[in-house]
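Participant: Taken in order, these protein sequences are the chains called B and X.
Read in order, the letters of the first sequence correspond to residues 1 to 82 in my numbering.
Read in order, the letters of the second sequence correspond to residues 83 to 164 in my numbering.
A hint or two may mislead.
Okay, the calculated bits of chain B under chain X, using three or more residues with CB under 8 Å as the criterion [claimed, not checked]:
# : stretch
1 : 20–29
2 : 33–40
3 : 46–53
4 : 69–81
These are calculated hints, taken from the structure and not from any lab test.
Computed from a predicted model, the values in this text were never measured in an experiment.
We put the CB at the ideal spot given by N, CA and C, even for glycine.
Number of protein chains: 2
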Amino acid sequence: MATVVVDVMPKPEILDPQGKAVLGALPRLGFSGVVDVRQGKRFELTIEGEATAEVLAQVAEMAEKLLSNPVIEDFTVRVEDI
Amino acid sequence: MATVVVDVMPKPEILDPQGKAVLGALPRLGFSGVVDVRQGKRFELTIEGEATAEVLAQVAEMAEKLLSNPVIEDFTVRVEDI
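Okay, chain B solo, but in the shape it has when bound (with noise of 0.2 Å):
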């Protein structure tokens, strides 16, 4: 079995209302020196035997057409060893 990891960002010239949120309440917990904050999704999906190449093209479709809305959002897939 192989993990696959596809990270889904909003795109850069989507405002990021979450991440902003975020960035303002750095500074009233203490925190600087944090100068942008962007939040996504991560999805560690478990694969059937070997991540393939042909497997890697699935699952950048599975991210298309399900873990993403392509409009607002960009997705990147890589096998990671968890």
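Could you slot chain X onto chain B? The hints should help.
Facilitator: Using the frame of chain B, we list chain X on its own:
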């Protein structure tokens, strides 16, 4: 400036309803071969200056106090070239 990524995932023993919902939807979209899905959050923090060990320790503290719920979630902190 550096980008530090914080990944927040549900603890393994914690029920992950979002992940289960995605897992259940995949076959309906014609996808097979996925044994499990876990869904979490990804934060990209843009930091002033270099990501020193001290900065990474501060980010871990931010993750513990603000970005995650340590009772039900685990987090990892790493530097990433975005």
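Participant: Verify the coverage statement for the stretch 20–29 of chain B against chain X, using a C-beta to C-beta distance below 8 Å and requiring 3 or more qualifying residues.
Facilitator: Since 4 is at least three, the answer is holds.
Participant: Are three or more residues of the stretch 33–40 of chain B within 8 Å, CB to CB, of chain X?
Facilitator: Check passed, 8 qualifying residues.
Participant: Is the coverage entry for the stretch 69–81 of chain B by chain X consistent with the three-residue Cβ rule at 8 Å?
Facilitator: violated (count 0)
Participant: For the stretch 46–53 of chain B, count the residues whose Cβ lies under 8 Å from any Cβ of chain X; is that count three or more?
Facilitator: holds (count 4)
Going through the hint list in order, the structure does not satisfy hint 4, though it satisfies all others.
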